[in-house]
Amino acid sequence: MARETGWERSRDPVGIWEHRGKVALASRGHAPTDRRWDGVSMDKTLGAYTIIAANAAIEDAGIKPSDIDGIITSPGGQPGGAPIGDTWGPVRPYFAPPYNTEDGLTQVTGEWLARQMGLKNVRYFNSHGDTIWNLIGLAAQCVGDGRCNVALVTYPTGNLEGRYHRNPDTRVRGPAQWSSPWGWGLSGQGFTFEQYCRKYGSNHDRMAPFVVQEHKNGLLWPGSYYAQHEPQPFTTEDYLNGRWIAQNLSIFDCDRPVNTAAAYIVTTAERARDMRHKPVYILDHTESTFQPRSLVQDLDDTEAFCKVQAERSYAGSGLRPKDIDIFLPYDGFAVFTQYFIEAFRWRGVNKGEAHDLYAMDITPQGPNPLNTGGGNMGTGRMRTAFFSDPIEQIQGRAGARQAKKAEIAVTHGVLPGNAATIVMSSTPG
Amino acid sequence: MAILLSFDIDGTLEVGDPPGGITMEMVRRAYEAGYLIASCSDRALSSQKAMWARYNIPAVFTASKHQLPNMRAAITADAYYHIGDRDTDEQIAAENGFGFWWNHEGVSEPWLTLQTPHGVQTPGGEDVSG
Amino acid sequence: MPRPVPAPDPLSKPFWDACAQGKLMVQKCTMCDRKQFPPEATCRNCGWAFNLTWIPTSGRGTIVGYSVTYDTRINAWVPDQPFNNAVIALEEDPAIKFHSNLPGVKVNEVPVGAKVEVYFLDLEDGIKLPEWKLVHH
Numbered sequence: 026m027a028r029e030t031g032w033e034r035s036r037d038p039v040g041i042w043e044h045r046g047k048v049a050l051a052s053r054g055h056a057p058t059d060r061r062w063d064g065v066s067m068d069k070t071l072g073a074y075t076i077i078a079a080n081a082a083i084e085d086a087g088i089k090p091s092d093i094d095g096i097i098t099s100p101g102g103q104p105g106g107a108p109i110g111d112t113w114g115p116v117r118p119y120f121a122p123p124y125n126t127e128d129g130l131t132q133v134t135g136e137w138l139a140r141q142m143g144l145k146n147v148r149y150f151n152s153h154g155d156t157i158w159n160l161i162g163l164a165a166q167c168v169g170d171g172r173c174n175v176a177l178v179t180y181p182t183g184n185l186e187g188r189y190h191r192n193p194d195t196r197v198r199g200p201a202q203w204s205s206p207w208g209w210g211l212s213g214q215g216f217t218f219e220q221y222c223r224k225y226g227s228n229h230d231r232m233a234p235f236v237v238q239e240h241k242n243g244l245l246w247p248g249s250y251y252a253q254h255e256p257q258p259f260t261t262e263d264y265l266n267g268r269w270i271a272q273n274l275s276i277f278d279c280d281r282p283v284n285t286a287a288a289y290i291v292t293t294a295e296r297a298r299d300m301r302h303k304p305v306y307i308l309d310h311t312e313s314t315f316q317p318r319s320l321v322q323d324l325d326d327t328e329a330f331c332k333v334q335a336e337r338s339y340a341g342s343g344l345r346p347k348d349i350d351i352f353l354p355y356d357g358f359a360v361f362t363q364y365f366i367e368a369f370r371w372r373g374v375n376k377g378e379a380h381d382l383y384a385m386d387i388t389p390q391g392p393n394p395l396n397t398g399g400g401n402m403g404t405g406r407m408r409t410a411f412f413s414d415p416i417e418q419i420q421g422r423a424g425a426r427q428a429k430k431a432e433i434a435v436t437h438g439v440l441p442g443n444a445a446t447i448v449m450s451s452t453p454g
Numbered sequence: 006m007a008i009l010l011s012f013d014i015d016g017t018l019e020v021g022d023p024p025g026g027i028t029m030e031m032v033r034r035a036y037e038a039g040y041l042i043a044s045c046s047d048r049a050l051s052s053q054k055a056m057w058a059r060y061n062i063p064a065v066f067t068a069s070k071h072q073l074p075n076m077r078a079a080i081t082a083d084a085y086y087h088i089g090d091r092d093t094d095e096q097i098a099a100e101n102g103f104g105f106w107w108n109h110e111g112v113s114e115p116w117l118t119l120q121t122p123h124g125v126q127t128p129g130g131e132d133v134s135g
Numbered sequence: 216m217p218r219p220v221p222a223p224d225p226l227s228k229p230f231w232d233a234c235a236q237g238k239l240m241v242q243k244c245t246m247c248d249r250k251q252f253p254p255e256a257t258c259r260n261c262g263w264a265f266n267l268t269w270i271p272t273s274g275r276g277t278i279v280g281y282s283v284t285y286d287t288r289i290n291a292w293v294p295d296q297p298f299n300n301a302v303i304a305l306e307e308d309p310a311i312k313f314h315s316n317l318p319g320v321k322v323n324e325v326p327v328g329a330k331v332e333v334y335f336l337d338l339e340d341g342i343k344l345p346e347w348k349l350v351h352h
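Residue numbers (my numbering), protein chains in the order written: chain A, 26 to 454; chain V, 6 to 135; chain Z, 216 to 352.
Heads up, some of the hints might be wrong.
Unchecked claim - Heads up, incomplete: computed chain A residues facing chain Z, CB under 8 Å, no partners named: (1) Pro193; (2) Trp203; (3) Gly215; (4) Ala271; (5) Arg318; (6) Val321; (7) Asp323.
It should be emphasised that the hints constitute simulated quantities derived from the structure, not laboratory data. Where a beta carbon is used, it is the ideal one built from N, C-alpha and C, also for glycine.
Let the hints inform the model, and build the full structure from the sequences given.
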């Protein structure tokens with residue numbers, strides 16, 4: 026299906042969202058989280074896990090599968106729907122249906138899901154793929170516009186290799202001709218962070234309290250890879266002993282690839298009120314994409330991009346920084362999270378001050394509940410702690426992670442140059 | 006005579022993810038034969054320590070991948086070997102004077118032959134008399 | 216292992232042809248009076264292609280920051296790890312950036328703020344790759 030455009034709220038002035046408080050997140054569901062698929066267990070494929078997550082979200086909402094009339098998904102978790110790792114075929118043979126194509130193995134389209142789950146009442150499919158922030162924004166807009174009333178949003182994240190792309194090319198074409206000959210890759214993250222530290226007098230060690238706290242939060246969230254497989258605490262010593270990938274990006278600033286899926290029910294506020302848990306009202310969604318002027322996105326570009334998107338989000342929701350109880354900025358890579366915090370001026374944090382915030386109390390129960398679900402650092406590269414946690418927070422069922430005040434939560438991802446922000450609330454505003 | 010064996014974890018040991026071919030029983034056998042056991046992995050140090058504690062094998066050192074030289078500096082041995090499954094394992098071993106076995110070579114426990122009647126065979130091939 | 220070699224395409228060919236002659240060129244939109252690099256089919260400011268031309272640069276710049284790569288995803292670069300990744304801002308328009316490994320500069324001893332000038336490395340396929348060296352006064 027061709028990618029739909031025009032739904033994004035990306036043109037200033039965006040104005041208050043026309044469906045503010047009229048659309049809600051009703052539930053969340055998760056599959057188990059593995060490091061990678063073993064290539065053998067057909068009950069642990071990305072498709073099987075997406076079905077588990079979808080059924081869990083349906084059950085969590087207290088509805089029937091027949092209530093679902095829309096499916097919005099990112100088949101491989103990436104923009105364009107592509108998987109982040111290798112495909113299964115054609116180098117390896119496919120399996121018996123429904124695993125006779127990539128669908129179900131390294132991507133999971135809405136159409137595949139509807140067939141396997143017998144969802145016969147779906148009248149709106151959108152498998153164009155994007156990040157989870159864009160998917161929730163799209164779902165909110167679709168429900169608000171009346172394209173569907175009960176949308177199932179699924180977000181599978183797999184990685185067959187369990188590691189990120191290797192580049193074997195000796196001849197480089199297209200954009201790579203401007204970077205690979207100089208070995209430029211993740212150096213971009215290290216470069217911008219080095220500029221940040223030099224400009225504001227900080228250093229990489231000051232990231233430790235943030236990443237350590239994220240791991241603590243992640244261990245308290247059952248969906249986390251670490252909670253399920255490596256439950257021992259991650260310490261400051263661990264962080265400070267991380268090796269450089271590209272200075273100042275350490276291995277513990279990078280998220281661990283996982284094989285899992287999550288699902289959400291997005292519906293009208295009216296329908297949500299009749300579901301199992303209290304509605305998490307969506308007050309706004311906004312999106313943005315930027316391109317740096319030249320080869321490299323430097324600190325000035327990064328700060329400028331983040332500022333535009335933060336101001337767009339505040340204009341769209343009508344909120345101010347002090348209204349945000351829980352802030353959930355993306356962290357995969359952890360070294361760019363400070364740009365988001367500073368752009369949103371959360372807790373009054375200005376440029377160059379985010380690392381000071383990290384040194385303060387950022388526990389879920391403290392005055393600055395930051396990434397209360399653990400982000401990607403504390404959960405693995407599933408990206409869905411950014412939604413499942415605030416849903417649980419606002420619904421008052423976050424358990425040991427429960428923040429004292431959880432009325433407004435804002436999550437923002439995925440990159441400074443390609444971002445979306447979702448504003449969630451315990452009331453319709 | 007002391008021989009230090011540094012194990013990578015993921016892709017090398019059976020308890021890694023992905024699992025490697027070297028069993029914890031093989032590691033235990035080496036430990037009981039007097040080898041110094043250590044790990045050098047991309048896992049967090051606390052995760053490495055928890056693994057050794059779980060199997061009750063006292064590791065003399067745990068290190069991140071870039072810290073193999075620290076291991077050498079901290080632990081006195083007559084010979085040092087690293088076992089891993091990645092190019093980076095081979096590279097750090099070579100850079101730091103460690104002998105190296107690939108994970109698939111390790112399953113035959115080649116370290117058990119290092120103790121010769123004359124002493125210990127070093128990565129350079131010479132015997133260090135005991 | 217040699218570094219990856221650029222494969223010119225119709226858009227980039229003028230750039231690489233100029234490099235082969237020892238010249239560092241960038242695009243310029245004569246209507247917007249705006250430089251552009253890397254090259255694109257249209258001016259990113261006005262959206263038109265008609266006024267895009269290629270102009271030579273001074274070949275001088277400033278190091279504005281750097282990273283050091285220890286674990287690259289680019290296989291060809293693995294044997295050279297760790298290596299510097301510096302970013303160079305063009306003297307006459309600092310918004311225009313170039314990459315450099317600063318050959319000869321020790322790893323992690325990159326002098327941010329230092330002046331540099333371009334030179335060209337011979338790669339395979341007749342490609343000459345722009346690189347940068349410190350200007351010593």
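Structure-based check of all given hints:
For proline 193 of chain A, the interface hint holds, the least distance from its beta-carbon to any beta-carbon of chain Z being 5 Å, beneath 8 Å. Nearest Cβ of chain Z to the Cβ of tryptophan 203 of chain A: about 5 Å, under the 8 Å cut. The hint holds. Hint status for glycine 215 of chain A: holds, given a least beta-carbon distance of 3 Å to chain Z, under 8 Å. The restraint placing alanine 271 of chain A at the interface with chain Z holds, with a minimum CB-CB distance near 5 Å, inside the 8 Å limit.
Because the closest C-beta pair between arginine 318 of chain A and chain Z is about 5 Å apart, less than 8 Å, the hint holds. Evaluation of the valine 321 of chain A hint against chain Z yields a held restraint, the C-beta minimum of about 5 Å falling below 8 Å. A cut of 8 Å between beta carbons decides the hint on aspartate 323 of chain A: the least distance to chain Z is about 7 Å, and the hint holds.
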